[in-house]
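Enquirer: If you want the building blocks of each chain, they are given just below.
2 protein chains.
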Amino acid sequence: MALEQQLRVPGPTPLPQRVVRSASRPMINHRGPEFAELMSEVCSGLKTVLRTDNDVLLFPASGTGGMESAIVNLLSPGERALFLSVGSFGDRWVEMANIYGVDAVKLRAPSGEAIDPEDVERILAENPEIEKVFVTHNETSTGVTNDIPAIASVVKGRGKLLAVDSVSGASCIPLETDALGIDVVVTGSQKGWMAPPGLAMVAVSPAAYAAAEKAKLPRVYFDYHRERKFQANNQTYTTPPVSVMYAVQEGLRMILEEGVENVWARHARVGAMIRAGVEAAGLRLFAAAAHRSDTVTPIHNPAGTPEELSQLTGLLRTRYGLVLAGGQGDLKGRIFRIGHLGFIDEGAVYAILASLELALSERGLLSRVGLMVPAAQAAARGAAAPAETAGVR
Amino acid sequence: MALEQQLRVPGPTPLPQRVVRSASRPMINHRGPEFAELMSEVCSGLKTVLRTDNDVLLFPASGTGGMESAIVNLLSPGERALFLSVGSFGDRWVEMANIYGVDAVKLRAPSGEAIDPEDVERILAENPEIEKVFVTHNETSTGVTNDIPAIASVVKGRGKLLAVDSVSGASCIPLETDALGIDVVVTGSQKGWMAPPGLAMVAVSPAAYAAAEKAKLPRVYFDYHRERKFQANNQTYTTPPVSVMYAVQEGLRMILEEGVENVWARHARVGAMIRAGVEAAGLRLFAAAAHRSDTVTPIHNPAGTPEELSQLTGLLRTRYGLVLAGGQGDLKGRIFRIGHLGFIDEGAVYAILASLELALSERGLLSRVGLMVPAAQAAARGAAAPAETAGVR
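Chains as they are written, first to last, in our numbering: chain H, 762 to 1154; chain D, 762 to 1154.
No lab work stands behind these hints, which were simulated from the structure alone.
Hints are supplied without guarantee of correctness; some may be wrong.
It does not matter which identical chain is used: a pair holds within one copy or between any two.
Said to hold, decoys possible - Below are the DSSO-like pairs computed for lysine-lysine, each with C-alpha atoms no more than 27 Å apart in a straight line:
#  : residue 1 : residue 2
1  : K977      : K867
2  : K977      : K1093
3  : K921      : K808
4  : K990      : K867
5  : K1093     : K808
6  : K1093     : K990
7  : K808      : K917
8  : K977      : K917
9  : K1093     : K921
10 : K990      : K977
Extracted from the complex, chain H is given alone in its bound form (with noise of 0.2 Å):
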């Protein structure tokens, strides 16, 4: 039995007490000086984090409405851009694009391996129009974290504009956004910010903003020039998710107590422990070896059928209380997912484990049990798992 539910699935994150309490403060005037000193420190906050200098703006929408608004204010109608997509989101993406008008060339890496840069210098090669490349950092679907530094030296080497989706990567997996170049980075509150959903956060480079000025798709609620305007004044252009502000700024000083590179070390170490118990008991992992996200991991159904492994899961959240993600679009039925990002530790790695491997062994999956918290334990010390593995059946 579980006292509380132990929500495990790529975003939204579980919430620090901390964050929680800073999220219940009192409602403040959006206009006023109170909201100022607010936007002021998670501005701060988030560029420290993401390592840049640029501004980053906020919006009131989810991760999806920061993709969009890299749509609308880099590119026009007819424009053909290039779309570098790993899984769903990366898919959502080009859909978003095209339902604009933009002319997306559409690079889709077979779902769980990752874009091969080399690809990327091909087709910029033989589309010399194309003046700007949208790519996913850390694809939630398929577990799969692109190599952005190499990317990013691709594009940036031939002087284009790079957008990216770190939804569920940025403040968790290592993003040099000023060092790479990179020009918009799109991320949001409920990923490794651990505040609840509701708050885009975009980081805009003086060439994005440029660009923006010459694109001539429509928008207003997403208008990076708009929102620059007010946020100059420590203001929003609409009303901000003050809750979600408050969450994310207390969200950020735990980041920065802990130290930016502390939480990318904790994330690596985290990952690695759960790729490390899941492979003991024989699961297999779904993303390819040398690009598996430190946020996600994804395995492949274990239980045969996709009923057996909504039952698997039934039965963790249920008796468990641990609540992990199905897959989505065609990889429904086809794997699951844990989430182990923001708000995450080595013990909650141990829980998680050991709940998994009782649910397994209970649904008949795994021949014994006890391997799998040993092999992330020797992860989290950094030694080679144990040899042998549980098989599952």
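Given chain H, put chain D in place with the hints provided.
Expert: Quick look at chain D alone, frame taken from chain H:
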């Protein structure tokens, strides 16, 4: 000295403790069964309060986002449409429409006055190609409430679509969505719903859905048909602002426990009390007598210069903990505004008026103290206000 700041701007509303506690519940999976229950209750409650059987779609956005949704779902580039504006937010709708390439016909009432339905009748007769009319229910910037039943009668009498911005009106002021045949109603969580900002709620009629099928403006994030498909399964297209939805759920419970008509009556009573108190001090109300809002009361600057007004509201904020709003746009420095919507009762009104009266006196703007609260008390009893007034210098 105030132990806690009293936020009396026309939104965000202060938050009841019940709402704060509800919003602080642990995060849940927005694709899971707990969220489906939350979504179902919220949508059902919204329908009850908005007096409609239409879908009420939820978007992670401010009220402005909801306003943009009506533009992009109902209209096509070059289409002529009628916008009835009585202030800044009505003007904002027109500005949006212009940016989206709509041929917006704007009927603007002088600031402080309401739309004359006969003007609407005339414009529609002169422009038979106009199929959609956009109107503000309650204009936050001027404190004017339009006569929606009369306007709806004209617009629906001609078989046109009617979209109503009721961001600061709905749940506080009567709005009979279905009885009046209103096709789109836009509202926002931070107003009468007693929740933090972050959720736009949009009631959409079958005729509005049909219009959306033909409308050519591009949209993804705010697309009604896309959202409708997800809502049919008690989900949302994009990650919803879960904590704000918890808050709206609890705010709705409070509204339904009190009774919708009782909430309307409370706002009418509170509005009358505020106006009686303000006039007893000899202050001048900005909005025309027949159309004064029961959620926000703008008052002519009693202090002379904009700087002196700023000193008055600054004194209220720092010494009395009372946060009021200034004027917007060309009304900046000319008026100040008391918000009284959502979490507001008679006791709060007395505190507002007593503090305001002392501050006016302290700034040398009032010859006599002690008239404002008795006038409000009389209004609360339904009696006529005392005849004598203090007289502003």
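Enquirer: Each hint needs a verdict: does it hold in this structure or not?
Expert: Hints, one by one, checked against the model:
1. Both within a single protomer and between protomers do K977 and K867 lie at most 27 Å apart by alpha-carbon distance, with minima of 21 Å and 24 Å respectively.
2. In the homo-oligomer, the alpha carbons of K977 and K1093 never lie at most 27 Å apart, since the shortest distance is 37 Å inside one protomer and 33 Å across protomers.
3. Taking the shortest alpha-carbon separations for K921 and K808, only the intra-copy value of 22 Å comes in at or below 27 Å, while the best inter-copy value is 48 Å.
4. Taking the shortest Cα distances, K990 and K867 sit within 27 Å of each other only across copies (26 Å), while inside one copy they are farther apart (34 Å).
5. Within a single copy, K1093 and K808 get their C-alpha atoms no closer than 36 Å, and across copies no closer than 33 Å, so neither meets the 27 Å cut-off.
6. Proximity of K1093 and K990 under a CA criterion of 27 Å is satisfied inter-copy only: 18 Å between copies versus 43 Å inside one chain copy.
7. Taking the shortest Cα distances, K808 and K917 sit within 27 Å of each other inside one copy (21 Å), while across copies they are farther apart (51 Å).
8. In the homo-oligomer, the alpha carbons of K977 and K917 lie at most 27 Å apart inside one protomer (23 Å), although the nearest pairing across protomers, at 35 Å, exceeds that limit.
9. For a Cα distance limit of 27 Å, the shortest separation of K1093 from K921 qualifies neither inside one copy, at 36 Å, nor across copies, at 43 Å.
10. Taking the shortest alpha-carbon separations for K990 and K977, only the intra-copy value of 19 Å comes in at or below 27 Å, while the best inter-copy value is 30 Å.
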